[in-house]
Amino acid sequence: MITIDAAGMHYKELNRLIREGIGKGIKKFFLENVNGQYYIGDGIKGDDVVININGIPGNDLGVFMDGPTLIVNNNAQDNIGNTMNAGKILIKGDAGDVVGYGMRGGKIYILGNAGYRVGIHMKGYNEQLPIIIIGGEVGSFFAEYMAGGIIVLLGLNDSDEFDSEYFASGMHGGTIYLRKKIDFSKYSKDVELYETDENDMNFLKKYLIDYADSFNIPSEEIMGKPFYKIVPSSARPYAHLYTSA
Amino acid sequence: MTKSSFSNIQSEYLALIDHNKCVRCKRCIQNCGWGTYSFGGDKILADHSKCVACGRCYTYCPEGAISIVKNPTVIRENANWSEGLIKNIWRQSETGGIVISGMGTTFKYKKYFDHILLDACQVTNPSIDPLREPMELRTYLGKKPSRLDVDLDENGEAVLKSKMPPQIELQTPFIFGAMSYGSISLNAQKAMALAARALGIVMNTGEGGLHDDLVPFGKNIIVQVASGRFGVHRDYLNSGVAVEIKIGQGAKPGIGGHLPGEKIGADISRTRMIPVGTDAISPAPHHDIYSIEDLRQLIYAIKEATDYEKPVSVKVAAVHNIAAIVSGIVRAGADIVYIDGYTGGTGAAPNIIKDHVGIPIELALAQVDERLREEGIRNEASIIAAGSIRSSADAVKAIALGADAVAIGTAALVVMGCHVCGKCNTGNCSWGITTQRPELVRRLDPEVYGERLYNLISAWSHEIQEVLGAMGVNSIESLRGSRERLRGVELTDAELKALGIKHAGL
Amino acid sequence: MLRIKNKFNTERDISGCGLCGIINAKRVKTNGSDIKKAISIEHDRGNGLGGGFAVYGNYPDYAELYAFHIMYDNLPAKTDVEEYLKNNFIIEKEEPIPTFMTSKIYDHPYLHRYFIKPKSDRPDKLFHELGDDDFVVNSVMLINQNYDGAYVFSSGKNMGAFKGVGYPEDIADFYKLEEVEGYMWTAHNRFPTNTPGWWGGAHPFTLLDWSIVHNGEISSYGINKRYLEMYKYNLALRTDTEVITYILDLLIRRHKLPVRLALTVLASPFYQKIDKMNGDKKELFTALRQIYGSALLNGPFAIVFGYSNGMVAMNDRIKLRPLVAAAMGDFTYVASEEAAISAVCPSPDIVWSPKAGEPVIVEFEEKKIPQKGGLISL
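In order, the protein sequence lines correspond to chains A, B and C.
Mapping of the first sequence onto the numbering used here: position 139 corresponds to residue 1107, and the numbering continues sequentially without gaps.
Mapping of the second sequence onto the numbering used here: position 409 corresponds to residue 415, and the numbering continues sequentially without gaps.
Mapping of the third sequence onto the numbering used here: position 365 corresponds to residue 366, and the numbering continues sequentially without gaps.
Pulled out of the complex, with its shape left as it was, chain A reads as follows (with noise of 0.2 Å):
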């Protein structure tokens, strides 16, 4: 274990003392008084390596990030989890635009709200199935060109509002679970939307136990009602949109 005190402290040699640490065996990390760092748990590796980060972290948090578990207990800025292989990020408040780009596995938690363009352009491959929770709300292009994983989009404060525009577009693989109905018409004729079976209910709720017990809120609240599910309409949207010369 090790604390380390990041007030005033570059990127370069924070991140470089929690690559050193990680490298002579140590698993669990408290940042202190972090704020603004960029690039923290970029490209580090190891299932068991924890990293508390007190204050705002920078942006590209996690990114490409293999393995390790990040907590964050303040909001977070943007580009979290950013082309990441594994690992988890925990997020206590809200998260910036582009949350998860082209991640690929691996889970992020958020807690508040998250901004424009979450999930863009995420991907499955394998028995990797990225996946993020979001508390909030989200911003427009939600699930951009999404390829792959699982986005969970909860709405906790229960707002009738739901202010996202080109929702989902050009998505052609994954799944989206809802936990509230929305007029299907204004949004993306890429998707099509269904309502939750059994299968996908006992799918799901394992994460959100997980997430409910991440953040320390009761799971029956969230889980109180009932989910939505999106899925393409194909995995080649664009293949009628050329001609060869």
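Simulated from the structure, these hints should not be mistaken for lab results.
Idealized CB from N, CA, C, for every residue including glycine.
A short, non-exhaustive set of chain B residues, derived as facing chain C with CB atoms under 7 Å:
hint : residue
1    : Thr130
2    : Arg144
3    : Pro151
4    : Leu166
5    : Gly382
6    : Val479
7    : Glu483
8    : Arg491
In silico EDC-like pairs for lysine to aspartate or glutamate, Cα to Cα no more than 20 Å straight-line:
hint : chain 1 : residue 1 : chain 2 : residue 2
9    : C       : Lys257    : B       : Asp159
10   : B       : Lys167    : C       : Glu284
11   : B       : Lys169    : A       : Glu981
12   : A       : Lys1013   : B       : Glu315
13   : C       : Lys94     : C       : Glu65
14   : A       : Lys980    : B       : Glu315
15   : C       : Lys283    : B       : Asp155
16   : C       : Lys283    : B       : Asp159
17   : C       : Lys283    : B       : Glu160
18   : C       : Lys283    : B       : Asp157
19   : C       : Lys257    : B       : Asp157
20   : B       : Lys167    : C       : Asp281
21   : C       : Lys283    : B       : Glu163
22   : C       : Lys257    : B       : Glu163
23   : C       : Lys274    : B       : Glu175
24   : C       : Lys283    : B       : Glu175
Once you've looked at the hints, dock chains B and C against the given chain A.
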């Protein structure tokens, strides 16, 4: 609306068989990836509409019985309404699709390289004999400090104070441009990997990830990170000598890419780390780069992931404001900038983009080099010029205009038999290059074409040495950016100014 | 018509040449007769369109002041330049450069010298904090570029250049160098090939204490020039000599490289040789080439360059130009031809031909024996 299968478009080529010579061995049927030939019981039949003039059939016809000719049936000539325009209207009215094709533009724009002449020594300084005296082509790509920092040791000998930033060492100033596994076959990539290793240069994975078979070639590979992030993970970033962020491509500036699901078989799926059969879509922008400071963010995300041991290259298409763009890229921390001119190739791109967007590499390069020098930051990054480098002469001129090295793509494919038919997008390449059909890929022997690539680059390197010798210099760095050794012919004042060279005679 | 600046429509001014240098490591002074005699032996290496000398230690009374030698085409130019000098410098003394009519040099510019130092409250201080040397460099470039009809051809301390259009022995008579004394002399005989001679273009080329005489046409001029322009050098003369001087100024004065290392940049070893060096040295030389590749002088050259600490002579890395060196007591001689040395030092202690790209460096007040780069083991 009723659908009609009737098409106005007539065959572009005729596949003519001399039945007197033909011995019905059926090799043409086997070799044609397009299905042009079939056996009609007693003779070979040709469906001309399928022929793309890829040249495979006549190359492999043992009797020389095949000739491919342009269909003499004319569309009435009209300089305004060219055949191509008319056919595209028919094509699009029949399908409703965006017209796409492979390779670079086929438009006849001015080729500036062909209007630049090289200098040679006469009397006042001597030429050097490149065959018998040293003639250095070694090139290092990467950030160079503006000055050397040294300390003196106890013996008064200078020692380096700080380590050089990481560099890619090339034995000759050529690299193979980025062509992904998916856009080309694995065997085509292997041929380049074998050649790169033998030559002491590098190839580039393109955006399709790194196949397991290429991992042992890491010292001769640049791995690419494009907007689709296919196959990108921590170990991938660390598996080559450098990492390239692909922003754009000369053939299709500003647009993304799209490898159709039918090309995503098991092997490509594993390399790109996406499921079999889904479209591999590369978004137009990187969605973590909407501004120059975001590029810096990704450059340093990669540097952090590679512990600052790999140079980071940024590849951009040559567009109107390229000088300012590259200046920004250099200031964002790129160690190498790869500039791809508008005649560069592609696996597939809409013709509207390919034929009409971007600017020539010669002008882009000249402006970029000048701009970086004006700003005093030319040393901060190496420049790679690309976009149809067709010969060693093009390479020499590009280097004299300011490039550190040049990249070749199309020329490398031509080595493998490509006849530049431009049908890469269809996946039917008879030469086994731009296809994933196993029976076609199998015919491209990486060893054979690796050796031919080696031969080509060796020959071009010798030619560069000849030019250096004639110019009286014995190191490529004395040519790099030396525009004084270039003169223009048949160029306007504006063109000469953009190129930063004088007209011949002056 | 008399020309002090290069007004010819050429991208660059190139020439063939002969050169000589004499240094006394203990700063014992000699007058200009030896150097004149030596360079006159190399008469046929020039064509009468340029000759010149640099001498060090000739202004002991004004050793702390910058000695500006300026040539003027006309008197209004002199008025303009002097106004600039008065605004920016304290002028301790000024006078015409002594010249003597000879039948050989009948057409010459007006030649004047100034012993000056930059004012501490000069106007440019309002904008930046330039050191005196940098300010002098800027002033020289400013005058040479912007003041039509005026050309600064010497600007160092306790040294001076004396040059013009003519054979060097005639130029020596014109400036009466037999009456000038110094502890280091360099000389040059010019054979310009693509311009008629012009006064400013004669060698030595000088900047501050640097003085260069040079033989050969540099084939890498184009990139050397563009490289220097990146560091804001204004290459107004378009001569190789100017390029070499500025490269040395950049490397030694601005980048603070040891002299020997800076010279290595000009004629760096081939990679074939570097690859065989040991770890640290290989890394150093590789870095040197990676960083300073554009400053490599490629093509034929032999140079003799003087600076306040001594003299260096070297040639290019594949020895396309001749260079001979000799030592006699505290004196070291270098020249394009051995006969030039022999004329003034008939029986030296040693004579040798420096190896390609390996400098002969002689510094004052240090070892008496010169560091004989390229001396084949005795």
